Amino acid sequence: DVKVTQSSRYLVKRTGEKVFLECVQDMDHENMFWYRQDPGLGLRLIYFSYDVKMKEKGDIPEGYSVSREKKERFSLILESASTNQTSMYLCASSPERGGNIQYFGAGTRLSVL
Amino acid sequence: KNEVEQSPQNLTAQEGEFITINCSYSVGISALHWLQQHPGGGIVSLFMLSSGKKKHGRLIATINIQEKHSSLHITASHPRDSAVYICAGHLYNTDKLIFGTGTRLQVFP
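As they're listed, the protein sequences go chains A and B.
FYI, the numbering for the first sequence is 23 to 135, going by this note's numbering.
FYI, the numbering for the second sequence is -8 to 100, going by this note's numbering.
Calculated directly from the structure, the hints in this document are not laboratory data.
Keep in mind that this is a model prediction, so the values were computed, not measured.
Among these hints, one or two may not hold up.
Covered stretches of chain A (chain B as the covering partner; in silico rule of three or more C-beta atoms under 8 Å from a C-beta of chain B) [as the list claims (entries may be wrong)]:
1. 41 to 51
2. 66 to 80
3. 122 to 133
Cut-off 20 Å, straight-line C-alpha distance, at most; resulting in silico cross-link-like pairs (DMTMM-like, lysine to aspartate or glutamate) [stated by the list, open to error]:
4. B:87 with A:81
5. B:87 with A:118
6. B:87 with A:101
7. B:87 with A:84
Note that the Cβ used here is the ideal one computed from N, Cα and C, for glycine as well.
Looking at chain A on its own, in the form it has when it is part of the complex (with noise of 0.2 Å):
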């Protein structure tokens, strides 16, 4: 079975903290994704990378960034944090490029305060 695993359920950050939100996909894949989930708005795409050390804007990304140094971890990193970006942020993971299958983490719901 394809695990992708989050390294924090919930996180509790203060205003202005830098967070770092890991995954970690056991399966060799290509790709992987960061996506936050709001009430109402469903899940946005905030970065994904197809290759390591690669890296491309999703429809949300300001307030972000990522790296993906190795291929199986795969980090969101949020500069200064606001209470803006308090959501439930979700990592996906699929083989190759083109239609696949994302597989997802259980998702880290982060509180901003």
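Assemble the complex: chain A is given as a structure, and chain B must be docked to it using the hints.
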């Protein structure tokens, strides 16, 4: 207007009922995904389909490309089917999904 729209937003049913969730899309897609999210957050892929119909146990997904419409059916519903069901369109020539806002299903015994 969202590019992927689901209806209804909320659905309650008695155990054993037949359930239908609808998804319409207005963008060009190569495939349509149906996902299930249980309380607590984890999302599981149920189906990916680009034409016709797929069945897995009590779940059936259909898609009509001409009408840009897909349905997810649950036969003989059970309380463990209670979850949020999300449809997502896979944009042509990309790795990107566009998501509907989900349908919250509650099945009561």
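Could you check the structure against the hints above and give me the numbers of any it violates, in ascending order?
-> 1 and 6
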